[in-house]
Amino acid sequence: MSGNPAVVMRLVASAYSVAEKAGAIVRKVLHSGDLGIVEKTGANDLQTLADRLAQKSICASLSRRFPKITIIGEEDLPSEEVQEDLIENGQAEDILQRSCPEQYRALKEEELVVWVDPLDGTKEYTEASRCLHLQAVAQKPHKGLDKTHGTALWLLDNVTVLIGIAYGGRAIAGVINQPFYNYQLGAEADLGRTMWGMLGLGAFGFQLQEVPADKRIVTTTRSHSNKTVTDCVNAMEPHEVIRVGGAGNK
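The sequence shown begins at 1 in the working numbering and counts up one residue at a time.
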């Protein structure tokens, strides 16, 4: 670790490790087969056990290490004691080694706000679970069910854990975990990857692919479209429209 990392660098380093813990929770709940689904505002606005446990883990872990920061989670959860096995105390060493951009070096804990979406792409997550359940119930190879299994895995591409960090009302850093990244490599694959970025430093953890200069490609919602969204997409006259779930995945 460098001499005395700035508060924001320590926060990002913690958020990285916490996001990986949350990703592991998301995988564990899916594999358990019991998602504990409840409707928030309707059938298209769901909350799962993974949402609840991941948010508890993220918020409790960060508030324990940084008691003066403000944390805002997507899920409206009751205030209660969090089990120790949900706490993550690690920090990403490679982030701590980096030099903090000068404009953020003097920031204090109480000036930072952390925004948490513990499971972005909940709709796709629940759909994937149903597909995998159908496959498990059959307990034998079947052409149609093989397609169902493939659909389930594709849906899991849309699932992410999101942690954003803001100062003065503006986003300055963030972490994205993809819990099911690498699923194409099979049952023995080491699943998941975590990306992070900060203004003044760049983005890390993935290979940037440039859009061809002669093409306009728009990525939009897979499951929450409406006339306004469609009109906006059409107004940009795209050469290609990619429809996926989850803001983090986009």
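Worth flagging that the hints you see were computed from the coordinates, not collected in a lab.
A hint or two may mislead.
To be verified - Ranges between beta-carbon positions, derived for each pair: (1) Val82 x Ser32: 14 to 22 Å; (2) Ser32 x Ala213: 25 to 33 Å; (3) Gln103 x Asp34: 44 to 52 Å; (4) Ala213 x Gly36: 15 to 23 Å; (5) Gly202 x Glu240: 43 to 51 Å; (6) Thr41 x Arg130: 19 to 27 Å; (7) Glu102 x Ser32: 42 to 50 Å; (8) Glu102 x Arg64: 35 to 43 Å; (9) Asp94 x Leu185: 33 to 41 Å; (10) Gln103 x Val38: 18 to 26 Å; (11) Ser99 x Asp76: 32 to 40 Å.
Only a predicted model underlies this, so the values are computations on that prediction, with no experimental measurement involved.
Note that beta-carbon positions come from the ideal geometry of N, C-alpha and C, so glycine has one too.
Status of the hints after comparison with the structure:
1. Val82 x Ser32: 14 to 22 Å: holds (19 Å)
2. Ser32 x Ala213: 25 to 33 Å: At roughly 47 Å between Cβ atoms, Ala213 and Ser32 fall outside 25 to 33 Å, so the hint is violated.
3. Gln103 x Asp34: 44 to 52 Å: holds (46 Å)
4. Ala213 x Gly36: 15 to 23 Å: violated (47 Å)
5. Gly202 x Glu240: 43 to 51 Å: About 27 Å separates the Cβ atoms of Gly202 and Glu240, which means 43 to 51 Å is violated.
6. Thr41 x Arg130: 19 to 27 Å: holds (21 Å)
7. Glu102 x Ser32: 42 to 50 Å: This hint holds: roughly 46 Å between Cβ atoms.
8. Glu102 x Arg64: 35 to 43 Å: Hint violated: Cβ distance 29 Å, outside 35 to 43 Å.
9. Asp94 x Leu185: 33 to 41 Å: Distance hint for Asp94, Leu185 is violated at roughly 24 Å.
10. Gln103 x Val38: 18 to 26 Å: violated (42 Å)
11. Ser99 x Asp76: 32 to 40 Å: holds (38 Å)
When held up to the earlier numbered hints, the structure conflicts with 2, 4, 5, 8, 9 and 10 and fits the remainder.
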